[in-house]
Amino acid sequence: MITYREALSEALWEEMERDEDVFLFGEDIGLGGGAFYVTKGFMEKFGRDRVVDVPLSEAGFTGAAIGAALCGMRPVVEFQFADFVTESYKMIVDYAAGNHYRQMGPVPIVLRLPAAALVSAGPFHSQNPEIWFFGTPGLKIVAPTTAYDAKGMLKGAIRDPNPVIFMEYKKFYNYPVDDLPEVLRPEIPEGDYTVPFGEARTLREGDDISLITFGTTVLEALEAAEVLENDGVSVEVIDLRTLVPLDKEAILESVKKTGKILFLHEARKRGGVGGELAAIVSEEVFEYLDAPVRRIGAPEAHVPLSPPLERAYLPSTEKVVNELRDLAAF
Amino acid sequence: MDAKYPLATREELAGLDFYADLADRYLAVDGLEARWVSFTQKEILPDRETAERMHYLVSLARAVEETLDSAFRAGHIPGTAFFGRGNEGASVASAMCLEDHEWLVPMHRNCGAHLAKGHPPRSIMSHFFGRADGPSGGRDGNFHMGYRPKRITQLISHIGTMVPIATGVAWAAKARGKGEATINYIGDGGTSAGDFHEAVNFAAVRKLPLVIIIDNNQYAYKTLLSDQYACDALVLKAPGYGLPGFLIDGTNAPLVHHVCSQALARARAGGGPTLIESITLRAAGHSVYDKFADYVDMAHFEKWTNERDPIKRLDETLIEFGVMTAKEVAASHDQARKDAEDARDEALQSPMPDPAGLTEGVFAE
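First to last, the protein sequences are chains A and B.
So the first sequence is numbered by our numbering: it starts at 1 and just counts up by one.
So the second sequence is numbered by our numbering: it starts at 1 and just counts up by one.
No wet-lab data here; the hints were simulated from the structure.
Source: prediction; values computed, not measured.
Positions of the beta carbon are idealized from the N, C-alpha and C atoms, including for glycine.
Treat the hints with caution; some may be incorrect.
[Stated by the list, open to error] Calculated lysine to any residue pairs in the SDA-like style (CA-CA distance at most 20 Å, straight line): (1) A:90 - B:237; (2) B:237 - A:55; (3) B:178 - A:49; (4) A:90 - B:150; (5) A:248 - B:362; (6) A:90 - B:363; (7) B:178 - A:72; (8) B:150 - A:105; (9) B:207 - A:56; (10) A:319 - A:223; (11) B:150 - A:106; (12) A:90 - B:177; (13) A:45 - B:175; (14) A:90 - B:156; (15) B:178 - A:19; (16) B:150 - A:103; (17) B:207 - A:48; (18) A:248 - B:363; (19) B:178 - A:20; (20) A:90 - B:175; (21) B:207 - A:55; (22) A:40 - A:175; (23) A:90 - B:158; (24) A:90 - B:193; (25) B:178 - A:48.
[Unchecked claim] So the derived list for chain A, only partly shown, Cβ under 10 Å to chain B, looks like this: (26) 23; (27) 52; (28) 72; (29) 104.
Isolated chain B (complex conformation) (with noise of 0.2 Å):
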């Protein structure tokens, strides 16, 4: 470290600006020093292979979203449904930096990650539609799924529950010694549960192969993030925990993927955990029953969705740097719409369980 990576001034750290100060920099985080880290996005940008998928990814992410909120209203989904819109880049470009047999940790407003994994949207739609075929077999739904063929643990409700999980499933990978790591996505309310300062203690204390990222989307249902922390940012645990940590802008995906990479390359060596805090906005309601508008600063709001919607940031990025055409970048949009939509119809057309199977698999024989 030196002059080309400036400390962060008290000062800086306690007027953060998400949206000015993180344009184009991160801030990493090491013991007591944390220093502001710039970037060109030409050269965070992933090779042309990798930039395709995540393009496709993260569209399909939104496709997929957007048509279970279409089917929600057409009334397909019982219960309710949480999206994870203006999570979509930072949830596929960090889940596509694991490999296929590692393991994978999500939240609920991680569709995107189960996208990277390798989750089939038609899985996921029989999900969300009850259906005897999805993932749970109809026994819970919306985001409350795993899908183990691709190595994703299912989450519950308790928020802060999945980062102890996480820890174990870090746990059997280091105790496996096959140099496998491990990605989890908590909130920014989430660091507010007992359960994360747990987890995140023991990972560090045995130096477990796990990258946990807080998706800060400036919202914990209602409530202000002023309201929820009092420190500058909650990256700023990371050296309380003896870790590093990252901030960075959740909508620049090429960016999560460039700092996940290496965050995963040190858990697999063995280095140990990493706190990745990732900006973003919920650019919609907690769940599709939420009027967020009533608390919602609309300005601020529209102000992220139009210049900070990973979508479209993603889609110019690789146009601008010619990794993709215009052309291409609207076919994989297409592809991505027709793949969600072709999803929904075949799901729609499995069966429902049948209560015969009510109690059936409580326990495991």
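Bound-form chain A, shown alone (with noise of 0.2 Å):
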């Protein structure tokens, strides 16, 4: 088994390898093989024309990024940190997602951005960035927890022609294959492979509670899910792995045969994606519930880097936990 790391670096080498469009934009991705050596060695193959150490720039790079993506190459941009997106934002948001609206061409690019929270990164390291691109048609924006997502939704990100939000966890690029759960591992086919987008996987099947979620808290979901069983109350875990598109179905479908449900996510909380759907599971199958729809996501403040403030800002199994109990006594 590879990890999650491994796994993003053969997506970007086998696609390097099949399609000559294809070339990355990054700081420091060349000669020093990324922060996270992601690209490690791929100078030394593709060379410095197809693996780019750009001037520190993030609005620049991203916006030639999109300029080559009109004349149809495929650019992989890498930010150093989500967070370092925001420099970008309007070459994003207002250039790329609109361009093909405005019947100007598609716009093949793939944004990856490292993010989410690593032991005390601090407040400009550790953010989760969907929520600021949820709301611009355009734009897809996927999440992958495991290193089989991670390898083939970035092959399909690479081959979508739509510019793609490819957010990647820090927390999961070295983590040890063998302390992940058995559900998050699951087994490398030999060969080339895309995972679609649009489709959420149950990661554990229940009949009591859905609980929906994505990206790092896939892992306080699994072991909330475990804690809940021992009381007897069966939680459906599903993650969305993509936000756009959505399996808004899954959720739908879930909901309907539990009756209550609790999205979950590293994200705060206000004007996170749960409120969007929970709202969604509220105007559709609100005469299913049997409980009212219930969020967690970070609380109102900007991640804080010590450590027990960090510890209370982010969602922990614990307070998924007391909020399935809660539920489950509804």
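Could you fit the two chains together into a complex? Lean on the hints.
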């Protein structure tokens, strides 16, 4: 089994071998192999014109990637940390996202965003960027949590004719494979494969409560479901895998079965994706609900650095367990 | 370089007068040296075929924009409209140096560049009128448009963003190794945006085949140049990036063509980017809503629009040197006017977009 980081490397390597139009822009990705070594050894193989150490200029190199994409190339842009994507916001939201809608052609570009908290990474190296993009039409937003998904979805993103916000989780990069729950280490097939966007994955089937999550919190979700099982409560855990397109049916079908639903994400609760999903559930399957729709997200604070603060900020298994118990008792 | 190309002194640069100092020379900046290059109008004249085409396109640019302006006042244009009056010569003369398969990355005062690159007036009109058959199908308007059949990218309102886009277009050209070059325009205001810096630096670092033309039309909406930058001329930024630069009178279309052809040839040959500062005067408001007389020095405005109108200058120069007769020049204007008005009349017959298609095309398939 390979790690999540190795899976990303394999995807990039194979796509660059497959298609000469695929190239990489990013800070320190060539000579240094990237801050997280996803592209280690790439420059030696593909050369400095396809593995490009760009000047420190996120807006500039994102714009350049978009320009190359307009000409039919397939740029993959690595942000050193997802947080820095705010530098490129207008390029993505105003230029890339609407270009096809304005009938000016497709923008096949992948924006790799190393996202979410990693122990004490602080306010500018820990953010979850999806809420900055979720309200903008024309952007696909994907959030692989396993090595299998990381590889298959990155390949899919590179072949997709649209701009793709590709969130990859620093926490999973080097996560020891043997320490992962069985369900988070599916076998990676030999050879080429892609993971289609818009298909959620049920990590654990259950009948009493639907627990819908994505990103790093799949870990807390699975642990909490385990705890609830000991309580005699059966929790269904679903990893959305992609936010746009959204597998709405998977959410609705699950809650129609269980009657209770909890949305969980690492990003802040206010303005988080969970709010939109909760509204969808309320609008479309209200009659199936046996309890209020619940959400867990980070509180109204910036991601703090010091360990006790960060622990208090991040959704924990304990918080999820408490919420699930509360729902179970409702 | 020798005595034929005298060094510009510190005093000359500090006291640059765009009107007087660029009349029969331009400034070539290379490294720490800025030199004056004198020319005669005769020696920079293009051949007859090029001149005729240039004249028609310059006339067409003005005719299209004047037709659009009256269409706006007649209520045919939703939203607003921005025009490039005063910039037609620079716009046309530069873009017509591009080959058909090369890309143009325009700004919102580049009607002439669109036309020179082959964007049909009919399509431009439909776009301004918000019609279904315009290049954006009514999803955007005014000069927020590209035209993919002729390799023209679209722009967004965020000034500065097109320079990074242009570096990417040039990147693709270089990566594919077919010796293609790209032209991009940015205004004097746009040079203050961070994107400009990021993009020019990147283009220089990677020696991209790109010609960046700063259309310095002396106003960024209602802001004076003295509030926009403190260097003596924007072209002096070029050496800071390791690039050569030229400061030229952009109302002299043959000169623009002369300088731009050389910059493109250099780019195509792998020599890297060139920065050209082209001086014009925005001979109208920022947009159709702008009461520019409130803040523009009208004596300066009158002087430039009377004596540095690019179209009048081209008329006179082509007649003076016998490239075209007065009669041919008049006929070229008439043809341009007719073509613009025909395009308007046809576009006004085009259907409006169907709201049923509102959410179509958000994603490419």
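So, going through the hints one by one against the coordinates:
1. A:90 - B:237: violated, 25 Å
2. B:237 - A:55: Roughly 18 Å between the alpha carbons, so the hint for residue 237 (chain B) and residue 55 (chain A) holds.
3. B:178 - A:49: holds, 15 Å
4. A:90 - B:150: violated, 26 Å
5. A:248 - B:362: At roughly 19 Å apart (the allowed maximum being 20 Å), residue 362 (chain B) and residue 248 (chain A) satisfy the hint.
6. A:90 - B:363: holds, 18 Å
7. B:178 - A:72: holds, 15 Å
8. B:150 - A:105: Holds, at roughly 13 Å.
9. B:207 - A:56: With Cα atoms ~17 Å apart, residue 207 (chain B) and residue 56 (chain A) stay inside 20 Å; holds.
10. A:319 - A:223: holds, 11 Å
11. B:150 - A:106: Between residue 150 (chain B) and residue 106 (chain A) the Cα gap is close to 16 Å, so the pair holds against 20 Å.
12. A:90 - B:177: violated, 30 Å
13. A:45 - B:175: holds, 17 Å
14. A:90 - B:156: holds, 10 Å
15. B:178 - A:19: Distance ~18 Å between residue 178 (chain B) and residue 19 (chain A) Cα, so the pair holds.
16. B:150 - A:103: holds, 14 Å
17. B:207 - A:48: With Cα atoms ~14 Å apart, residue 207 (chain B) and residue 48 (chain A) stay inside 20 Å; holds.
18. A:248 - B:363: Given that 20 Å is the threshold and the Cα spacing comes to 18 Å, the pair holds.
19. B:178 - A:20: holds, 15 Å
20. A:90 - B:175: Measuring from Cα to Cα gives roughly 26 Å; hence the hint is violated.
21. B:207 - A:55: holds, 13 Å
22. A:40 - A:175: Holds. Residue 40 (chain A) to residue 175 (chain A) sits at ~18 Å (cutoff 20 Å).
23. A:90 - B:158: Within the cut-off at roughly 8 Å; holds.
24. A:90 - B:193: holds, 13 Å
25. B:178 - A:48: Cα-Cα ~19 Å, so holds.
26. 23: holds, 7 Å
27. 52: This hint holds: residue 52 (chain A) lies near chain B, its Cβ roughly 8 Å from the closest one there, short of 10 Å.
28. 72: Nearest chain B Cβ about 7 Å off; hint holds.
29. 104: holds, 4 Å
The structure fails hints 1, 4, 12 and 20 (numbered hints given earlier, in ascending order).
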